[in-house]
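When you get a sec, could you build the whole thing from the sequences and use the hints?
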Amino acid sequence: MTAQDYWALSPVIAMAALALVLLSADALLAERMFGGKRYGSKRALSWIAVIGLAVPAFLALNLWFEWFGESTSEAVVYGTFTADRFALFFQFLIIGATGVVILASVPYLQQFRDSLGEFFTLLLTAAAGMMLLVGASELITIYVALETTALPAVALAALRRDGFSIEAGAKFLILSALSTALLLFGLVFLYGYTGATRIDEIVARMGALPFESGVPFGSLAVMLSVLLIVAGFGFKMAIAPWHMWVPDVYQGSPTPVAAFLSVASKASAFAVLMRLLYSFAGFDPVAQDWQILFALIATASMTVGNLMALSQTNVKRLLAYSTIAQAGYIMVGFAAVSVASSSDSASAGPQSIMYYLAGYAFTNLAVFLAFAAIVHRTGNDTIAGLSGLLKRSPVLAILMVIGLLSLLGMPPTVGFMAKAVIFSTAVDQGLIWLAVVAVVNTVVAAYYYLRVVGVIMFGESDDADPIKPGAGELAAVSIGVAGALVFGIVPWFILELVDKSLTIV
Amino acid sequence: MSEFNGILTLTVFLPALAGLVILLVKPLQLEDRIIRWFAIVSTVVTFVLTLIVFLAYDRDAGGVQFIDHLSWLSAETIKSSYLLGVDGLSAPLVLLTGLLGMAAAFASRNIGLRVSEYFIWLLLLETAVMGVFVSLDLLLFFVFFEFEVIPMFMLISLWGSGRPRYSAMKFVLYTLAGGAFMFVGIFAVYLTGAVDTLTMVPVPELGIVGIADQIAGVDLIAPASLIFAFFFVAFAVKLPIWPLHNWLPDAHTDAPTAVSVMLAGVLLKMAGYGMIRINIGFFQETKGFTVHDAAGILSVIAAVSVVYGAIVTIRQTDMKRLIAYSSVSHMGFVLLGLTAIAGIQQETEFGRDVALGGINGAALQMFTHGTITGLAFLMVGLAYDRTHTRHIPHLGGLWRRMPVIGIFFFIAGFASLGLPALSGFVSEIMVFLNSFPVWPWAASISAFGVVLAAGYVLWMIQRTFFGSKPPEGGIPDDKYEELTDAEPLDLIPILVLTIPIFVIGIWPKVVVDVFKIGIEGILR
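Chains as they are written, first to last, in numbering that gives the first Met the number 0: chain R, 0 to 504; chain E, 0 to 523.
It is possible that some hints are incorrect.
Claimed, not checked - Some chain E residues flagged as far from chain R (calculated, every beta-carbon gap over 10 Å): (1) 175; (2) 183; (3) 218; (4) 245; (5) 295; (6) 491; (7) 502.
Claimed, not checked - Calculated cross-link-like contacts (lysine to any residue; reagent style SDA-like; alpha-carbon spacing at most 20 Å): (8) R:390 / E:30; (9) E:25 / R:411; (10) R:390 / E:169; (11) E:78 / R:411; (12) E:25 / R:397; (13) E:78 / R:491; (14) E:169 / R:310; (15) E:78 / R:484; (16) R:390 / E:114; (17) R:467 / R:478; (18) E:169 / R:309; (19) E:169 / R:458; (20) E:78 / R:465.
Hint data in this document are derived by calculation from the structure and do not stem from the laboratory.
Glycine included, C-beta positions come from ideal geometry on N, C-alpha and C.
This is the structure:
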């Protein structure tokens, strides 16, 4: 391995090292060492984690601006990992999401006082796995990174150790294993067909292999592997029809963990799927059938997510279905892959997906973490439990309402702009019916988002005790809402950033 | 090239800015009185700005003026800019928004519940509507068009009466459902190969060719008829046109007075404006399908709207609901006026005049309906504040107790039924005269709408204001004797709305000529 290899991996390594630092610090700050009264010192773990995140963030910045080392789109470490700007974009997103989640979980974590160290270690390990995943450019690396992500996430889901939480962990574990098996199967087909595990080699060899007309994706092996890979990642991205675990797991997991899963986990799965699939986008037979496949998945995901969310009474389940629907909107961008004949807008799909994901990350974190702050204090995770929130905590209420309106896609938030961009790619590729399905879905979604908004704004509550969020929680939610507004009102700079990060097309 | 005058940006965002100030000073727990007057003053300043825009609009130069231009969104598949400007079509509507925003703020003097929130939403509503009228970029237009939903949802839900949550949600879902189609329509227009701008009108100063010129005669990404329908549905819901009008009576009836004034006065006009700007503006020379092809069927729908709306109005027993349904009828006239566009196909001078006059009549009808119905809702609101019922069979003899409210209610009613010398007459006669040569049957049938209007207006006034006292089972005698008339301060919003009714009734040129400049720019 050369120095360049180390630089390329440095943010991932730093993240993994930070996890270990936290594990050691947890041992050093153990309660028993100080006579059992030193919870306060354990809180320091949160700050070590947040401040420590500056290291991987700085190393990623270093690569982006090429102070030391380069951010080339050449694969390094024997072709297994690519630290291009595409990967860095998602690494920033993951680091940011991790930081914001930790920031918001400080008060929440009191209930985990025995397993505080585990929480941070697991969270950061999962984040390290995701950061590896978004740059993985070889099948086995993808698989290993995915497992590094999945196992800590399972443990996180079960961290609360009550009935719901254990159930969530168990479900997550089993379905995670199943989905990874499917994915592995798909990767094996790809290897069997081409005899290579590096994506660039696979693409090169596929170009030499014949495509049969009349067979979907031009060849049965490619079809099977694409279907299995999409199914495998489908679980991680929480898209229908692989969404069944999502509401149960989100409901059972600690809310900050659900926030983390719904943003970082999803984003990294989208990233790797984009990297994998867009390397095949040049093959016309693949691209054509791919449009149909993803258009159907998008339709299913949006419709199922929104229709199921309509009747939910539990906020976490409602938000879970909402993330399924959101993933469906993102799938619209996937469906809008350009068939080579109109290659002038080849990067439109990935651009819209990345813009949407960035906006979604901020918005969804804001909503989940605002809700985490509330539910931690009220203990009531039903929609009715939010009544009178405007009086009990005006700031949280307003922030959460803005977040919900952004998820709904109301201007001037990023939810609207991102939908405008992503749906326009579908129309651009002639998928007008898909754009119509998508916008009709947003109208359905308006009903349940506005129902929650209505309860927050107009609901009357017997309990008038003010809810006072901590500074960390408020900061985290504010960052999310600020992102939702700024990306929506002045979209150009984030779009420029996205354009610079489009190294995969 | 970039240009930034700033006056329109200021006009649009001043109310929102005032709302932000109210939000920020909320922790100070100022007296409601101060908040109220602050909001009112900000709407007055906004009105003055709109008046300046209207008067300073150079009628000789025409075209788009007061341009504010910044680049905004530049994704691969959609590029949009922050582009504000007014032309002859939008200048009067901007003035109308300023006028009604001010009237609505004055009419909200008696709001006692969560005062600062109420005014924040009311001011945001004004910003949204104003934004719709001055946005020249299609996506920006849509942003404002959609954003208006949120303040309305809040205002109806929390300060409404009856079943406010139900009505508010219904309003939102109808509007968003319509808007959803427009959203796709926007992409479909933009993504047509030949189109590289989202600017709705040509802006020579910036070197921008409007969409209309770019989509003329080329193959669109989807059939032109489909795209036309996508836009039309969005506006038909909002206008509203039978059979998509169902949300309107509920929203109107349950909204607080000032919000009804805004809803009837300017929100409905966003739809009529959109139809002129987009459905007529874009689709005159499109390939395979033009607005002229649709005019016939639209004139039938318009006639049905007018007559159906009027018949349903007659049998209403709630005063507010009655006025709400009369809006369906009156908005049918707007659509009828627009269908005169087909006259231009005759390729004679007369045909062009008819098309121009019909659209001008429709635009004027929007303006006059805004003031007339605004006034009517205001008067019903004032009466309701005192009687606490709008149920017509429970009312009677109000004239004796509240003559001032009665007089202005009369004026609104007579203007609504088209009495000469009041503004409603001018706009309706323009619509009829110009649509008759093109669609004689639809125009003739619609004329019954005016007859029916006389029926429902006069009959309602007779039942509520005339007579010596309320009928048996209505307002008890002791309560009736305690009823009071309007207060002096109530006269401000009343006069704000009454003056234009007379001015336009007697001297319509003041608005008609400005509209004409804008519409001539749109006609091809």
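Hint check:
1. 175: For residue 175 of chain E, whose nearest Cβ neighbour in chain R is about 5 Å away, the distance does not exceed 10 Å, so it is violated.
2. 183: 5 Å, violated
3. 218: 12 Å, holds
4. 245: 15 Å, holds
5. 295: For residue 295 of chain E, whose nearest Cβ neighbour in chain R is about 26 Å away, the distance exceeds 10 Å, so it holds.
6. 491: 30 Å, holds
7. 502: 35 Å, holds
8. R:390 / E:30: 18 Å, holds
9. E:25 / R:411: Distance of about 23 Å is beyond 20 Å: violated.
10. R:390 / E:169: 26 Å, violated
11. E:78 / R:411: 16 Å, holds
12. E:25 / R:397: At roughly 13 Å apart (the allowed maximum being 20 Å), residue 397 of chain R and residue 25 of chain E satisfy the hint.
13. E:78 / R:491: Given that 20 Å is the threshold and the Cα spacing comes to 10 Å, the pair holds.
14. E:169 / R:310: 17 Å, holds
15. E:78 / R:484: Given that 20 Å is the threshold and the Cα spacing comes to 19 Å, the pair holds.
16. R:390 / E:114: OK: residue 390 of chain R and residue 114 of chain E at ~14 Å, within 20 Å.
17. R:467 / R:478: The given pair, whose Cα atoms are some 18 Å apart, holds under the 20 Å limit.
18. E:169 / R:309: 15 Å, holds
19. E:169 / R:458: 18 Å, holds
20. E:78 / R:465: Distance ~45 Å between residue 78 of chain E and residue 465 of chain R Cα, so the pair is violated.
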